[in-house]
Amino acid sequence: MPEVTKLIHKYLRHDKKFPHVWCPGCGIGIMLGALIRAIDRIGYEKDEIVLVSGIGCSGRLPVYVDFNTLHTTHGRALTFATGVKLAKPNLKVIVIMGDGDAVAIGGNHFIHAARRNIDLTAIILNNSVYGMTGGQYSPTTPYGMRSTTTVYTNIEQDFKISELAVTAGAVFVGRGTVYHAKLLDSLIEQALLKKGFSVVEVISHCHTQYGRQNRLGSAVEMMEWQRDYALPVEKALRMKPEELKDKILIGVLIDKELPVYQDEYEKIRERAKEVVER
Amino acid sequence: MVEGALRAGCRFFAGYPITPATEVSEILSVRLPQVEGTFIQMEDEIASLGAVIGASLAGVKAMTATSGPGFSLMQENLGFAIIAEVPCIIIDVMRGGPSTGLPTMPSQSDVMQARWGTHGDHPIIVLSASTVRECYEMTIKAFNFSEKFRTPVILLIDEVVGHMREKIVLDDQEEIEIFNRVKPTMPPEWYIPYEDTPSGIPSMANFGEGYRYHVTGLTHDIRGFPTSRPDEIGPFIARLHRKISQNFSEIHTGEFYQTDDAEITVIAYGCVARSAKRAVIEAREKGVKVGLLKLMTIWPFMRSAVEKVLQTSKALIVPEMNMGQISREVKRVNRGVTRVVTLNKVDGTIITPEEIMNRIMEISDARSN
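Respectively, the protein sequence lines represent chains R and A.
With positions in the first sequence counted from 1, the corresponding number in the numbering used here is that position plus 1.
Position 280 of the second sequence, counted from 1, bears residue number 277 in the numbering used here, the numbering being contiguous throughout.
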């Protein structure tokens, strides 16, 4: 049996009626594939994985996979995940969000989860638009681009999700694209293995909404754009700032060590018990 | 409330500081880590209830505490806990509103927010307390109802009761009746997470215990998967209501005080019930046949208890620290049978026994003339 068929049989839910909700050519499937391959390589048990999502196209992802799955309210996935992880630290909690989820309505939860360094992995699909609601501009829609709510072009500056995560204190931040599928596999695997708050930003495309409104062509053409504009972060170090204009840096942006919330809370419990005994 | 929660088995608290509910957070931040529990201060109330729901899904009894403005922020995830049937407790120590309102002053103005604050048609269990002992007892009851009926339970306390100091004797752990959620016993492949059982309450698997299933805020079928089929949506919403409505008699908690022969009955809850009791005692001394119905279950509304006092009463008095949120329910049950007199106060001060007494005497005098 080919590897992909084995993975499909092992990880996709058989009792859930397909087809899925995503448009043909969407990048979410590539991200899901990368996630499943990473989980399979590491060898997690399906029972120990909790997959949490917010609302939007990416929010629909957990329903198709055979883990403990939790589809929460818009932007709040990280808060639910925090509760799950603190209540049962032995579970591996993975959070799937879109750009609207993570840095618009859930922006506050995102920076605070990073600051606390809770042992969670956040995978953020950034397609620069609110796809499911019909293509409105999001906090990652670049300046000057069109959407159904910026028909005269967007006048706001866009959030750089990975850089925001680094600044907020995430211990691991990686950025990939759905074009660079092998890199994505590796980034997600590294993020899952990292203890602490890890982030993988996945640059994807929404040819149905964002692409159509900005005349960027088909899914394939938008993925070719990812190929042309992405630049490995190691290469960027040797380049001049003017050469980096409009480029998207991909690879591991930060990998550092900080005390993990759960470990620190164990110490608090010890201290609290000493107080009782005294 | 804290001791009640810990005895009921609460081992997780997530909250955000807010007057006049902060003391619950402060004490739990000390007590929970002593008993292998977890306390976390989140970035806001939305996150607090999110974390509480997450912890409960993972199998740990969880709660939060807040006041009006924070409770408003929790409405979104409250709806999630209702539709996904996740047990959890919200204590709302009510203060004056709207908006920032009166942070340090009492009120009972969240009665309708507790009932209808979150969107969509939904049942809800809301309890209240008027003494420190009742705070303890009703917190245990809240956890038991929540676990039994798989629903969030709200404990509405007013600022007066929240800050009250009274001596109480706490029970030994063995003496307390604790209800824990019913877990599935069948093999995982047979488990139907949202099965339409006669009780309306499906068994609940915790994350990580071998029953992998899908939890969603979307309207879902019996397997937990999103559905837009009318023949699945209708029975699901009906079941959510049924699991509460067919257990009214168990959920309804109240106290009838001298109501057997009462011609005038005061219906009150929270700190107002204390003033009302004093007024009833004084009026009885003057020979007026007056009684008190103290509501400890606010929602679902205690219709049968009100119907019972209507059998003898010629007038009902409903004093409350809002513009009339429970009195409308009383009027709805009354359906014009007798007089329903309201006594509303929204100036940040409590309703005194004298004020209720005056209203009793007015009615009594008018009747004897």
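Watch out, some of these pointers could steer you wrong.
As the list claims (entries may be wrong) - Simulated pairs of lysine-lysine, BS3-like, Cα-Cα distance not exceeding 25 Å:
id, chain 1, residue 1, chain 2, residue 2
1, R, Lys18, R, Lys7
2, A, Lys328, A, Lys305
3, A, Lys305, R, Lys47
4, R, Lys93, A, Lys328
Hint data in this document are derived by calculation from the structure and do not stem from the laboratory.
Against the structure, the hints:
For the hint linking Lys18(R) to Lys7(R), the alpha-carbon distance of about 19 Å falls within 25 Å, and the restraint holds. For a cut-off of 25 Å, the pair hint linking Lys328(A) to Lys305(A) stands: about 14 Å separates their Cα positions. Distance check on the hinted pair: Lys305(A) and Lys47(R) sit about 55 Å apart at the alpha-carbon level, beyond 25 Å; violated. A threshold of 25 Å between alpha carbons decides the hint, and for Lys93(R) with Lys328(A) the separation of about 53 Å lies outside it, so the pair is violated.
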